[in-house]
Amino acid sequence: MAKPILRVENVYKKFKDTEVLKGLSLTVYEGEVVVIIGPSGTGKSTLLRCINRLTEPDSGDIYLEEQKIEPGKSNLSYIRQQIGMVFQDFNLFNHLTALQNVAVGPIKVKKMEKNKAMELAMKELERVGMAEKAGNYPAELSGGQKQRVAIARALAMDPKIMLFDEPTSALDPELIGEVLEVMKDLANAGMTMMVVSHEMGFAREAADRIVFLEDGVVAEMGSPEKIFNNPEKERTREFISKIARLNNGCKDQEVL
Amino acid sequence: MVEHIEYFISIWPELFKGLVVSLQLSAGALLLGLVIGLPMALMRTYGKGIVKALAVAYIELIRGTPMIVQLFLIYYGLPDLGILLDRIPAAIVALGINSSAYQAEYFRGAILSIDEGQGMAAQALGMTKQQAILYIILPQALRLVIPPWSNEVIYMVKYTSVAFLIAVPELMARGKMIISETFKPLETLFWVGVIYIVVLSIIAKIVDLIERKLAIPGFQMIRED
Amino acid sequence: MGINLSANKVLASIPYLLEGVGITLKITALALLLGTLLGIVLAIIRVYGSGVFRQFAIVYSRLIRSLPLLVILFMLYFLGSEIIDIPAFWAIILALALHTAAYQSEIFRGAIQSISKGQMEAALALGMSKYQGIFSVILPQALRRAIPYWANEATIVLKDSSLAYALGVTELMRRGEYVSARTSQPLLTYIVVGLIYLILTYAFTKSMARVESKVRIPGLER
Chain F
0 MAKPILRVEN
10 VYKKFKDTEV
20 LKGLSLTVYE
30 GEVVVIIGPS
40 GTGKSTLLRC
50 INRLTEPDSG
60 DIYLEEQKIE
70 PGKSNLSYIR
80 QQIGMVFQDF
90 NLFNHLTALQ
100 NVAVGPIKVK
110 KMEKNKAMEL
120 AMKELERVGM
130 AEKAGNYPAE
140 LSGGQKQRVA
150 IARALAMDPK
160 IMLFDEPTSA
170 LDPELIGEVL
180 EVMKDLANAG
190 MTMMVVSHEM
200 GFAREAADRI
210 VFLEDGVVAE
220 MGSPEKIFNN
230 PEKERTREFI
240 SKIARLNNGC
250 KDQEVL
Chain Y
0 MVEHIEYFIS
10 IWPELFKGLV
20 VSLQLSAGAL
30 LLGLVIGLPM
40 ALMRTYGKGI
50 VKALAVAYIE
60 LIRGTPMIVQ
70 LFLIYYGLPD
80 LGILLDRIPA
90 AIVALGINSS
100 AYQAEYFRGA
110 ILSIDEGQGM
120 AAQALGMTKQ
130 QAILYIILPQ
140 ALRLVIPPWS
150 NEVIYMVKYT
160 SVAFLIAVPE
170 LMARGKMIIS
180 ETFKPLETLF
190 WVGVIYIVVL
200 SIIAKIVDLI
210 ERKLAIPGFQ
220 MIRED
Chain U
0 MGINLSANKV
10 LASIPYLLEG
20 VGITLKITAL
30 ALLLGTLLGI
40 VLAIIRVYGS
50 GVFRQFAIVY
60 SRLIRSLPLL
70 VILFMLYFLG
80 SEIIDIPAFW
90 AIILALALHT
100 AAYQSEIFRG
110 AIQSISKGQM
120 EAALALGMSK
130 YQGIFSVILP
140 QALRRAIPYW
150 ANEATIVLKD
160 SSLAYALGVT
170 ELMRRGEYVS
180 ARTSQPLLTY
190 IVVGLIYLIL
200 TYAFTKSMAR
210 VESKVRIPGL
220 ER
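Sequences listed follow chains F, Y and U, in order.
So for the first sequence, numbering that gives the first Met the number 0 puts the first residue at 0; every next one is plus one.
So for the second sequence, numbering that gives the first Met the number 0 puts the first residue at 0; every next one is plus one.
So for the third sequence, numbering that gives the first Met the number 0 puts the first residue at 0; every next one is plus one.
No lab work stands behind these hints: they were computed from the structure.
Where is the CB? At the ideal position from N, CA and C, for every residue including glycine.
Possibly wrong hints are sitting among the right ones.
So, partial list: chain Y residues that the calculated Cβ filter (under 8 Å) puts toward chain U [unchecked claim]: (1) GLU13; (2) THR64; (3) LEU164.
Using 25 Å as the maximum straight-line C-alpha spacing, the simulated PhoX-like pairs for lysine-lysine come out as follows [what the hints assert, rightly or not]: (4) Y:LYS183 / F:LYS159; (5) F:LYS183 / F:LYS113; (6) Y:LYS16 / Y:LYS175; (7) F:LYS115 / F:LYS67; (8) F:LYS2 / F:LYS183; (9) F:LYS67 / F:LYS159; (10) F:LYS132 / F:LYS115; (11) F:LYS109 / Y:LYS128; (12) F:LYS67 / F:LYS2; (13) F:LYS67 / Y:LYS128; (14) F:LYS132 / F:LYS183; (15) F:LYS13 / Y:LYS128; (16) F:LYS15 / Y:LYS47; (17) F:LYS241 / F:LYS225; (18) Y:LYS128 / F:LYS110; (19) Y:LYS47 / F:LYS13; (20) F:LYS13 / F:LYS2; (21) F:LYS183 / F:LYS122; (22) F:LYS132 / Y:LYS212; (23) F:LYS107 / Y:LYS128; (24) F:LYS183 / F:LYS232; (25) Y:LYS16 / Y:LYS204; (26) Y:LYS47 / Y:LYS128; (27) F:LYS67 / F:LYS13; (28) F:LYS132 / F:LYS107; (29) F:LYS183 / F:LYS159; (30) F:LYS159 / F:LYS122; (31) U:LYS205 / Y:LYS51; (32) F:LYS159 / F:LYS113; (33) U:LYS205 / U:LYS25; (34) F:LYS110 / F:LYS183; (35) F:LYS15 / F:LYS2; (36) Y:LYS128 / F:LYS113.
Could you put the whole structure together from the sequences, leaning on the hints where they help?
Structure, rendered in structure tokens:
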């Protein structure tokens, strides 16, 4: 078995009175693509945010390789550099061009020389097919283009793992495909990825493992083959068929 | 008509000297206001405990009292503590402190209007909170603050006239001096008013130009006119 | 000892200063009354008026907002000495009113324009006249929305009323100067005067916030 990159152990998180994560444990191995699915409110996004400490878990441990991720520790920035994050609503820096958005992390955080960082940023933009728009500001890009730049921005930090928090759910249907293409390329290139998404087509094609989250814990996981065709639990089956119906009903067929 | 123009030509040199003083006061006060106001905004927005409380108290104290009281406190009151300021420095300090509280609120408003995701994305890249503020939040906030800030510039040029009350020879004071010589109050004030209007329109145009220059496509506040 | 004595004199002058508060409040209230009425009228003309009226409202707002209050104040005051007699007390009220009206016209204009177009269309569709639409549909919503901005402007008027000092009206600020001269305690005196203004603006802001929540329409976001 490949070596574990990320270990989440027994994580709890409560918001006010609602317990969102209830002792969740999960391990992601090198080069693996894990797609996380589950009903809304089961803590999928919270899990991702807890991993790079944008949200503080109440208890439990998270390790990146052998380093424990801890709040208030000086290694937090270092750890975050190694975890790429792609947000649902892109969060591109509004005052920077596409190129600058990708370069700002290497320059400010990694203290990379400016010319080198720009070169690197251009390469990452090429990788996501956005080199042509390098000089454009976020407001001049479509949603799909923004998300591709956001992916390049995360890649520029040379992360060990990439977290995707519903990367296509804020996109118009016709723009979803281009983002998924980029993500598939990444997966094929061997990037370790954790993807919260209900794009079943992507999951079927690119995922090594599907994790069904329900009620704050991992309810079931397995290969796409198993989860889609032969799940152990009735709840998983119900959820999958509901998602499939929704996808077929209102989304572009192409995506699936 | 000719007679009015001639009158204006005769008083212009005096008024011009006053205008220069008014503009100097404004520039000094705006700069001082910026230097104090921006840190106050950061303290109020990001500070905790006593730091935040201090900023809130400072800002609300200044915004809750008339400028003339602040001016008199500094010019007439501070000598009681052994701090003597000349008229012009006293006016700049008073106007600057006054402006700092308003500028702080403009900056704070701009900072708060920046989407939360911006800071989050910066931190996700590994930036510290300070780096996120410095490189991501502030550059955006400073652009957003330009329209309210330009209003502050105009307010400040107008309010320098209050310095006339401690006999700083700015535009308003020169006007009053001329009146006591020529006994033509309305005509003199008319020209004083015209100068303010012209100067302020020019300033508004300049600020507008700067704003255009710094504009980022699709990212600016709708300017209130 | 001497300092304590004159400090006591300042404190003993507080009732005298408070009488000045009465005058300050009177000036502020009258100026706000006139200024608000004029401001609303100008705003309505600006949004719904046409031709020369609308032009006038625009030019008025532009010009007044470019003039220092002191210039307006002295113009009115000297207008008094040359044409019709305007006592200092009324000169400051009128100056404040004319000045704030320009700013308020902008506030109310913004508030009116922030009400969705559909409101007026629905009023017209019901058979209301344009005036009925303005007064019974648009304004009741716009005025509510304008409250916080109006309240802010009102505290500016309260603070600016101190400029009556320049005409010798014996409101709070002028009385402060008398006390300062009499006691030779400018620092303490102006601190006391400042605190009184602070209390006034604070109390006003708080009560306006209460008014705002009282008249808020349930479920309607600001």
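Quick rundown of the hints versus the structure:
1. GLU13: violated (16 Å)
2. THR64: The hint holds - THR64 of chain Y has a Cβ within 8 Å of chain U, the shortest such distance being about 5 Å.
3. LEU164: With a closest approach of 6 Å, the LEU164 of chain Y hint holds.
4. Y:LYS183 / F:LYS159: violated (80 Å)
5. F:LYS183 / F:LYS113: Violated: LYS183 of chain F and LYS113 of chain F sit about 30 Å apart, past 25 Å.
6. Y:LYS16 / Y:LYS175: The given pair, whose Cα atoms are some 13 Å apart, holds under the 25 Å limit.
7. F:LYS115 / F:LYS67: With Cα atoms ~31 Å apart, LYS115 of chain F and LYS67 of chain F exceed 25 Å; violated.
8. F:LYS2 / F:LYS183: holds (22 Å)
9. F:LYS67 / F:LYS159: Between LYS67 of chain F and LYS159 of chain F the Cα gap is close to 15 Å, so the pair holds against 25 Å.
10. F:LYS132 / F:LYS115: Judged against 25 Å, a Cα distance of about 19 Å means the pair holds.
11. F:LYS109 / Y:LYS128: holds (15 Å)
12. F:LYS67 / F:LYS2: holds (16 Å)
13. F:LYS67 / Y:LYS128: holds (21 Å)
14. F:LYS132 / F:LYS183: holds (21 Å)
15. F:LYS13 / Y:LYS128: holds (24 Å)
16. F:LYS15 / Y:LYS47: Holds: LYS15 of chain F and LYS47 of chain Y sit about 22 Å apart, inside 25 Å.
17. F:LYS241 / F:LYS225: holds (17 Å)
18. Y:LYS128 / F:LYS110: holds (16 Å)
19. Y:LYS47 / F:LYS13: This hinted pair holds, its Cα atoms lying about 24 Å apart.
20. F:LYS13 / F:LYS2: This hinted pair is violated, its Cα atoms lying about 31 Å apart.
21. F:LYS183 / F:LYS122: holds (18 Å)
22. F:LYS132 / Y:LYS212: holds (21 Å)
23. F:LYS107 / Y:LYS128: This hinted pair holds, its Cα atoms lying about 12 Å apart.
24. F:LYS183 / F:LYS232: Violated: LYS183 of chain F and LYS232 of chain F sit about 28 Å apart, past 25 Å.
25. Y:LYS16 / Y:LYS204: Measuring from Cα to Cα gives roughly 23 Å; hence the hint holds.
26. Y:LYS47 / Y:LYS128: Holds. LYS47 of chain Y to LYS128 of chain Y sits at ~14 Å (cutoff 25 Å).
27. F:LYS67 / F:LYS13: Holds, because 21 Å separates the two Cα atoms, which is no more than 25 Å.
28. F:LYS132 / F:LYS107: holds (22 Å)
29. F:LYS183 / F:LYS159: Holds, at about 17 Å.
30. F:LYS159 / F:LYS122: Cα-Cα ~18 Å, so holds.
31. U:LYS205 / Y:LYS51: Holds - the C-alpha atoms of LYS51 of chain Y and LYS205 of chain U are around 21 Å apart, at most 25 Å.
32. F:LYS159 / F:LYS113: holds (23 Å)
33. U:LYS205 / U:LYS25: Holds: LYS205 of chain U and LYS25 of chain U sit about 19 Å apart, inside 25 Å.
34. F:LYS110 / F:LYS183: Not satisfied, since the Cα-Cα distance of roughly 30 Å exceeds 25 Å.
35. F:LYS15 / F:LYS2: violated (37 Å)
36. Y:LYS128 / F:LYS113: holds (22 Å)
Consistency with the previously given hints fails for numbers 1, 4, 5, 7, 20, 24, 34 and 35, ordered from lowest to highest.
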